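Participant: Based on the sequences and whatever the hints tell you, model everything.
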Amino acid sequence: ARAMARWRLGLTALLAAAAAAEERRMGPGSYVARVGLAGAISCSVTHSLVVPLDNIKTCVQTGAESAAGAAVRIVREDGAIALLKGLRPTAVGYWLQGAAKFGGYEALKMLGRKVFWTRDGELHEPATLAARLPLMLGAAGIAEMGACLLLCPLETAKLRIQMGMGGAGLIGTLSCISQAEGFGALYRGFAPIALRQVPYTMVKLVCYDAIAGMIAQSIRRARGKEPDPHFVSLSAGLTAGSAAAIVSQPADVLLTRLCGTTATTQLVECVIASGLWQQIQYMRSMGLRQCYAGLGPRLAMIACVTAAQFALYDDVRHRLGISVSYKQ
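When you line the sequence shown up against mature numbering (1 follows the signal peptide of the UniProt record, and there is no 0), it's residues -20 to -1, 1 to 308, in that order.
What the hints contain is simulated information worked out from the structure, not anything from laboratory work.
Because the structure is a prediction, the values reported are computed rather than measured.
Among the hints, a few may not be true.
What the hints assert, rightly or not - Have a look at the derived ranges for each label pair, beta carbon to beta carbon:
no.	residue 1	residue 2	range
1	H104	R201	23 to 31 Å
2	A62	Q197	41 to 49 Å
3	R264	S305	41 to 49 Å
4	R53	P8	49 to 57 Å
5	F96	R200	25 to 33 Å
Ideal Cβ placement from N, Cα and C applies to all residues, glycine included.
Facilitator: Dropping the structure here:
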């Protein structure tokens, strides 16, 4: 048994050394591509798993009933399969969004380090989180803006499908919207998507990095050993996801009311606001209670999604030859 344990320990060390050597040989382009693939897989899988909660949340935001009442009504009127409405645009949209978000975030952080912290050919990265925070927030925000351009048409199609206003499938819905309302209608929700996703991603990514580092550091000090990466990912992901959901909830309500309707079909208290300023003003006029309509199911959805997402993201990165470390 001892010999077997030593053999396993030696094999683990050998594999870790091989992975570290592979990572050192990995160029920046290969690194970003692998991170982007890990982000695409983790975002697509986790968002697809909570489509039923997303359908309930959308129903609550466009009506006046509770989450339980919305779920019962959906199943009673259209059957349990209706809880999976919008699965395809969700899977495709968040595959593209995840690749752009995570890949862009890492690429922009690398670029920022090179521009701001490299002197005389050497990297002088600040030791404190507070000093690194502006670069992390900026990288997350810019990466998410690019990701929003990819996500917006698919998010619009998803909302139409969920509300029974789509065409035959994803392609049919996209075609129907562009033919009936013009191609620009697919990007009608870009401003509220950006208003939702940019602060959401900035809070999610930066909080995750910070909280994961604090949890790992606390475990190292208390136990004198490396923490379980799954525990760190899930704990930090739950906290970061909850914070991001609360910050982005008002824009999510606006997005549902804006993109889930056409100019002739009004939802409950819905106003079509065409410009960014008009959309912000409308969001302010809704009041705090309406701005946080559907927060319960969305908070549960986003917290669970984020925890699972980071656990899967870190696991896929590890399998692609990228070591996962947590630092403050």
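Participant: Taking the hints in turn, state whether each one holds.
Facilitator: So, going through the hints one by one against the coordinates:
no.: 1; hint: H104 x R201: 23 to 31 Å; result: holds (26 Å)
no.: 2; hint: A62 x Q197: 41 to 49 Å; result: holds (46 Å)
no.: 3; hint: R264 x S305: 41 to 49 Å; result: holds (42 Å)
no.: 4; hint: R53 x P8: 49 to 57 Å; result: holds (51 Å)
no.: 5; hint: F96 x R200: 25 to 33 Å; result: holds (29 Å)
Consistency with the previously given hints is maintained throughout, with no hint failing.
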